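A.B. asks: In order, the protein sequence lines correspond to chains H and B.
The first sequence begins at 1 in UniProt numbering and counts up by one.
The second sequence begins at 1 in UniProt numbering and counts up by one.
Incorrect hints may appear among the rest.
Simulated crosslink set (DSSO-like; lysine-lysine; CA at most 27 Å straight-line) [as the list claims (entries may be wrong)]:
{"no.": "1", "chain 1": "H", "residue 1": "Lys356", "chain 2": "H", "residue 2": "Lys15"}
{"no.": "2", "chain 1": "B", "residue 1": "Lys155", "chain 2": "H", "residue 2": "Lys402"}
{"no.": "3", "chain 1": "H", "residue 1": "Lys2", "chain 2": "B", "residue 2": "Lys27"}
{"no.": "4", "chain 1": "H", "residue 1": "Lys302", "chain 2": "H", "residue 2": "Lys336"}
{"no.": "5", "chain 1": "B", "residue 1": "Lys78", "chain 2": "H", "residue 2": "Lys414"}
{"no.": "6", "chain 1": "H", "residue 1": "Lys246", "chain 2": "H", "residue 2": "Lys259"}
{"no.": "7", "chain 1": "B", "residue 1": "Lys167", "chain 2": "H", "residue 2": "Lys437"}
{"no.": "8", "chain 1": "B", "residue 1": "Lys100", "chain 2": "H", "residue 2": "Lys2"}
{"no.": "9", "chain 1": "H", "residue 1": "Lys336", "chain 2": "H", "residue 2": "Lys586"}
Stretches of chain H that chain B covers, calculated by requiring three or more beta carbons in the stretch to come under 8 Å of a beta carbon on chain B [claimed, not checked]:
{"no.": "10", "region": "32 to 39"}
{"no.": "11", "region": "104 to 112"}
Computed from the model, here is a short list of chain B residues facing chain H with C-beta under 10 Å [stated by the list, open to error]:
{"no.": "12", "residue": "Lys27"}
{"no.": "13", "residue": "Thr30"}
{"no.": "14", "residue": "Ile98"}
{"no.": "15", "residue": "Asp99"}
{"no.": "16", "residue": "Ile104"}
{"no.": "17", "residue": "Val183"}
{"no.": "18", "residue": "Leu197"}
Hint data in this document are derived by calculation from the structure and do not stem from the laboratory.
None of these values were measured; they are calculated from a predicted model.
Glycine is no exception: its CB is placed at the ideal position from the N, C-alpha and C atoms.
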Amino acid sequence: MKNSIAERVNDFIKKYPPFNFIKADDLLLISGQVSIVYLDKGDTIFKKGDSFNDHFYMTRNGAITLFHTTNNNTQEIINISDGGDVFGLRPLIAKENYKLTATANEESIVYAIPIDVFQSVTHDNAQVQKFLITAFATNTYDPYTAEETGKIFVDYLPNTTQDMVNFQTANYSKNPITCNVNSCLKEAAITMSKHRIGCIIVVNEDNHPVGIITNSDIKNKIATGRFPIDTQVTNIMSSPVITSKKNITVADGQLQMIKHNIGHLCITKDGTINSKLIGVLTHHDVLVTLGNNPSVILKEIKRAKRTRALRAARLKAETLIKSYLEQNIPLSHIIKLIAQINDAVSLRAVQIALKKMPSKPPVKFAWMALGSQGRKEQLLFTDQDNAIIFEDVPKEKYEETKAYFLDLAKYVNKSLNKIGFEYCEADMMARNPEWCKSLTDWKEQFNNWILNPDEKAILLSSIFFDFSPVYGDESLTSRLSDSIYETLDKTQLFFRFLGRDALKNPSPLGFFKQFLVEKNGDQKDLFNIKSRALMPLIDAARLLTLSNRIKGVNSTYERFEKLAEIEPNNKELYESCSYAFKALSKFKTKQGLLHNNSGKFIEIGTLTKEEQLKLRRCFKPINEIQETLTLRFDLKNFV
Amino acid sequence: MGFLNFFKTKKNHPDFWEEYLSHFKNKKDTSVTDTRFIAFDTETTGFDIKEDRVLSIGAVSFVGKRIDVNNTLELYLKQDIFNPETVEIHELMKSDSIDKISEIEAIQAFLNYVKGDILIAHHAGFDKGMINEMLQRHGLGKLKNRFIDTGVLYKRSLHIIYQDKTKPYSLDYLCKELNVPTVDRHTATGDALITALVFLKILGRLDKKKHLNWGYLLNR
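With the rest of the complex left out, here is chain B:
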């Protein structure tokens, strides 16, 4: 646990945080097809960003349309707070045989994995909030990465006639619409992979309509 030694004061951030920040210096836009994206998902003890805790983080990264299975991230966190109500969906019992790591170790592994690249999540606000809350508990700043929310992107990609304000555009709904196989739904890594496929399928549709540019994707 050497890195805990760096963790003396708030001002004196650990090396991995400095390294994470360094990815954002002089960052330039590359073309969409050459850019590394990370699709991720968190499973949590509940939906309260302040009170609940992250149980696991799953992430897959890809450049172009290829996802390498040997380069995915799958983290399980040791828990202090335990909410028995959500265990059922997540099937992550408090004392499971899977190797678990501490929150700060998970932060380090996650930041190391995502670097300065673009993050993709479904209903990204929640996952972003959970991670930021974790960072804050350890005296670190917020995530600096740019985010794409697949729910928002999908809705925007629809023909105006078919946009529907009342629909929630849940991940399940998107999977059905885009014909993405839902295996391992409700595990962090499974959902991360599904989110990645959903994103790639939306990109494919955008491409045809010539909307494949950063302005459109990041809605800026």
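For reference, chain H alone in the conformation it holds in the complex:
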């Protein structure tokens, strides 16, 4: 019977190895038995330690991340599998448990290919086997970097709390995997797959290193057919190796690697090639150690050519936040630093996207960050909120221009999502035609919100009034601000609407001085620190800044500091609000890192008495600022 779906599966897989090496009839047999698996972001296909499945996988749409989990539970990305890539090959090679975890990096569709059917048609196909072994080798991780996790270079760390140790990687790995000069390549490759490593050191009888073979040597010299698989290892190894003494510093190691353009340094007993091999230092080890430094991360971001590199850099920043919090570095400093990193990531994402566009932007534009990124106080990954503003164009050019920027926005939103900024649930992103407009249209949009405030306008304004330019022509956003303040002069009503909104969450302490916790839903009995404590402060700061015509100050704590400056009689209140905001953000960030989420919900029961008291102290200014707003904007009877 006709099976169109099998035919379409067939059309896709036949384009990619190893299926392009398989005869058409055989391939149809396989296609008919495939399962199509849909995955939401974060869904796991298999976990490290799971027993092997009857299938291996090919990504159809989306991307699957392969992680290695080290002993102390840090996760290291080994590979990201895009459309047409195969993964989960371990059961094809060895019937043993998975060593990696495969998780959907975004919404993905994956073909699960039954191993028994696949093997029954490919067991004598040498090309297929060769490809699989190579693919398998590149998807496995290199224990040179993972084994020694926990040892660190003390001199490169400002602080050696136990927590930091978890995030540092080894100096070099001891007991490197080797093979003898007389062995053949196949044996060496078997040893490499057995130990799941990406390179092997060739040693002589005295255990002196004479050469090195890496995955790419096997790919370039064997898989291409230049050498037979049973060739002697000395034929394809790179030789001589570069050696060093064991007390080498990271900086020295890095210099050696740059000088010789290599990725592996052999550590020997006396530092020459004529002594015993005792370890290997990889380029990766060096990078990971050095990576914990904001200037390196920023440099990495600026140089990133692909979204994947941006993601890696942003993940490092996460590590950095954690260590800074541990070290009690002032939160205002951390906030500024992370804001800079986030802006750099967005800026780079826009630059990368611009390169993908077929032509240069038709007119000047600016990429705006909104919401928490716009306020420059986003510490952990949150939803992305952004918009595009472009210069006015003649009417007949408008659609064309807008279409260009929408295309651009699609690229940027997608890559920001890949980097780890979730799509905004309410679609407040530049790729939405509503939020990609010319300067005049934006002015009209804001005027409309200000002059005709309704529920929807207030809801949106809490996001949109905190815009800040990330990329492009800042004069556009500055002209927009001017226009907004002009319009604000015409009305008082808008402020009262904003004021009412700022008061919608009453003070977080209830009648009996109990924490007000969520009453229903999934988060029952949890304290929502964002909506109950942070939002009232954020909303109040925005309202007061707008009504005082303060321009260019976006972050909540700075807004309060500024307000304290211009309203000396309320100085104390504003300063305590600024302090409370910082303390609460820190609290939320710590909770978020602890539970690996946004930190929005806090289980009051798990807090120590001291922490509860600290939290409570922060609530007092919230109460007071809300009373101030009620008086100033005459909100008592405004419903």
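Please arrange chain B on chain H, whose structure you already have, making use of the hints.
C.D. replies: What follows is chain B alone, placed relative to chain H:
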């Protein structure tokens, strides 16, 4: 054609119909992730439920998020009525080399496949109507399955700000919004698969908002 012998009077329904009905006795709700869903689509000679005929039926079934390619349904029906205007989109010529079966055979295969499980279709009313009309022509009752319409479900899943009464929420539109690849659009099986993926993607979005329950899905 043994089963045609059962087909003597209207009261005396064929065995496959009785078996189909038996699936609905004592049916209990399972959790959404353990439930079998069938996404299906019909290609027809036109849009008149009474006059037009079903050309083909495509269906895929799934439990959880996995669709097995070797367990799909793809039926092509012999035609008495022929409307040359719609052939172009459907590319199903009256005398094509594909194996075709009679309407009653198609009904049997379809009911056998869907059993008592939940049916999913895009703009489900039409497909449901076409199948019910087929059943009626053969003296059988209407479909008993519960239905989910992906168009309606999608619209309901949107943030209230973005719901738009004027939009048709066509399958093409949903594919664009949800980033579902449109291969084999306008073949019954192709559309069935697309509908299934659209449904799974909407489910994924609902899950995040904690709306993944029967009350919400079936709008009851």
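A.B. asks: Hints first: check each against the structure and report whether it holds.
C.D. replies: Checked hints:
1. Lys356/H / Lys15/H: holds, 24 Å
2. Lys155/B / Lys402/H: holds, 26 Å
3. Lys2/H / Lys27/B: Given that 27 Å is the threshold and the Cα spacing comes to 33 Å, the pair is violated.
4. Lys302/H / Lys336/H: holds, 18 Å
5. Lys78/B / Lys414/H: The given pair, whose Cα atoms are some 46 Å apart, is violated under the 27 Å limit.
6. Lys246/H / Lys259/H: Cα-Cα ~19 Å, so holds.
7. Lys167/B / Lys437/H: Given that 27 Å is the threshold and the Cα spacing comes to 22 Å, the pair holds.
8. Lys100/B / Lys2/H: holds, 10 Å
9. Lys336/H / Lys586/H: This hinted pair holds, its Cα atoms lying about 13 Å apart.
10. 32 to 39: Held - the region 32 to 39 of chain H has 8 residues with a Cβ nearer than 8 Å to chain B, which meets the minimum of three.
11. 104 to 112: holds (count 3)
12. Lys27: Violated - the Cβ of Lys27/B stays beyond 10 Å from chain H, reaching only about 26 Å at its closest.
13. Thr30: Given a least distance of 19 Å, the restraint on Thr30/B is violated.
14. Ile98: holds, 6 Å
15. Asp99: With a minimum Cβ separation of about 7 Å from chain H (threshold 10 Å), the hint on Asp99/B holds.
16. Ile104: Violated. Min distance 18 Å.
17. Val183: Hint holds; Val183/B Cβ to chain H Cβ min 5 Å, cut 10 Å.
18. Leu197: Hint holds; Leu197/B Cβ to chain H Cβ min 6 Å, cut 10 Å.
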